[in-house]
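Novice: Dock chain V against the given chain W, drawing on the hints supplied.
For the record, the sequence lines run as chains W and V. Under this note's numbering, the first sequence has 110 at position 110, and the numbering climbs by one with no breaks. Under this note's numbering, the second sequence has 1064 at position 64, and the numbering climbs by one with no breaks.
Just so you know, the hints here were simulated from the structure itself, not pulled from any lab data. A quick note: this is a predicted structure, and the numbers were derived from the prediction, not measured. Ideal Cβ positions, reconstructed from N, Cα and C, are used throughout, including at glycine. Honestly, I wouldn't trust all of these hints.
For lysine-lysine, the following DSS-like pairs were computed, each having C-alpha atoms within a straight-line distance of at most 27 Å [to be verified]:
#1 Lys76(W) / Lys86(W)
#2 Lys91(W) / Lys76(W)
#3 Lys7(W) / Lys145(W)
#4 Lys145(W) / Lys86(W)
#5 Lys86(W) / Lys6(W)
#6 Lys29(W) / Lys1041(V)
#7 Lys1041(V) / Lys7(W)
#8 Lys6(W) / Lys76(W)
#9 Lys1041(V) / Lys76(W)
#10 Lys7(W) / Lys76(W)
#11 Lys6(W) / Lys1041(V)
#12 Lys6(W) / Lys145(W)
#13 Lys29(W) / Lys86(W)
#14 Lys91(W) / Lys145(W)
#15 Lys91(W) / Lys1041(V)
#16 Lys91(W) / Lys6(W)
#17 Lys1041(V) / Lys145(W)
#18 Lys7(W) / Lys86(W)
To give a feel for the contact side, a few chain W residues facing chain V, derived at Cβ under 10 Å [unchecked claim]:
#19 Phe80
#20 Tyr142
#21 Lys145
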Amino acid sequence: MTYQEKKSIVSMFSSILIFVVYCLYMYPKYPGGELSLEALRYWGSFVLILTVVTIIAHIIISIIFNIIFRMTTGEKEPTFADELDKLIEMKANRISFFMFIIGFLLAMGTLVMNEQLQTMFIILIIAGFISDVIGSVMKLYYYRKGV
Amino acid sequence: MGKHLVGNHIRRLRFNQDEMTQQQLADLVGVTRQTIVALEKGNYSPSLELAFRIARVFNLPLEEVFFYEDSAKE
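Bound-form chain W, shown alone (with noise of 0.2 Å):
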């Protein structure tokens, strides 16, 4: 397996165990009421707080990945993308991309239907989260299978 398939395991496993802690760990902190002001807080919190940590802990899982890639490989990772690579992630940010904007689309429904409103908050940062997993699920299959 190559350096780009392991970092696209790598990635979609990490997506999902930083969102999976992240829900875990702000769970408890909902302060209930469907449209008061600190229920609003807190979603817009939610989404900023969890782009932020997901930036943060992907820059730290990346750098231990490629400590451990070149231990156990004895390679060196690649310093730059190629021809391959920027096709394959373009395809990949597309489906991901696709993904996200039914989730958007879902969400908007929800307001349509008279949901509540923390409905839509949550198909929005469900659909952030299944857009990064897919872009990594993508990515894995287009460099195993080819583009």
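Specialist: Below, chain V alone, put in the same frame as chain W:
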């Protein structure tokens, strides 16, 4: 997906070239080893520029490194 009409003789040419490794070829043409792996497996058709760079490494014309699948059947 996966099956491409453009095939190549890269694996054979590497071995004829003092058993050049995939990483060595990748370094010479400026791509990652993953791309050479994908090319040899027939999972990726390279850009024209990369195809020329690979042919240049082996000092061969393009059509002796790459072939269109129809011509391989002939």
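Novice: So, for every hint listed, does it hold in this structure?
Specialist: Hint check:
1. Lys76(W) / Lys86(W): holds (20 Å)
2. Lys91(W) / Lys76(W): Answer holds: Lys91(W) to Lys76(W) is near 26 Å, not above 27 Å.
3. Lys7(W) / Lys145(W): This hinted pair holds, its Cα atoms lying about 16 Å apart.
4. Lys145(W) / Lys86(W): holds (16 Å)
5. Lys86(W) / Lys6(W): holds (17 Å)
6. Lys29(W) / Lys1041(V): Since the Cα atoms of Lys29(W) and Lys1041(V) sit roughly 51 Å apart, the hinted pair is violated (cutoff 27 Å).
7. Lys1041(V) / Lys7(W): holds (20 Å)
8. Lys6(W) / Lys76(W): OK: Lys6(W) and Lys76(W) at ~14 Å, within 27 Å.
9. Lys1041(V) / Lys76(W): At roughly 23 Å apart (the allowed maximum being 27 Å), Lys76(W) and Lys1041(V) satisfy the hint.
10. Lys7(W) / Lys76(W): holds (13 Å)
11. Lys6(W) / Lys1041(V): holds (18 Å)
12. Lys6(W) / Lys145(W): Holds, because 15 Å separates the two Cα atoms, which is no more than 27 Å.
13. Lys29(W) / Lys86(W): Distance of about 40 Å is beyond 27 Å: violated.
14. Lys91(W) / Lys145(W): Cα-Cα ~13 Å, so holds.
15. Lys91(W) / Lys1041(V): This hinted pair holds, its Cα atoms lying about 20 Å apart.
16. Lys91(W) / Lys6(W): Answer holds: Lys91(W) to Lys6(W) is near 18 Å, not above 27 Å.
17. Lys1041(V) / Lys145(W): Holds: Lys1041(V) and Lys145(W) sit about 9 Å apart, inside 27 Å.
18. Lys7(W) / Lys86(W): This hinted pair holds, its Cα atoms lying about 15 Å apart.
19. Phe80: Holds: closest Cβ of chain V sits about 8 Å from Phe80(W), inside 10 Å.
20. Tyr142: holds (8 Å)
21. Lys145: It holds, given that the least Cβ distance between Lys145(W) and chain V is near 5 Å, below 10 Å.
Violated hints, listed in ascending order, are 6 and 13; each of the other numbered hints is respected by the structure.
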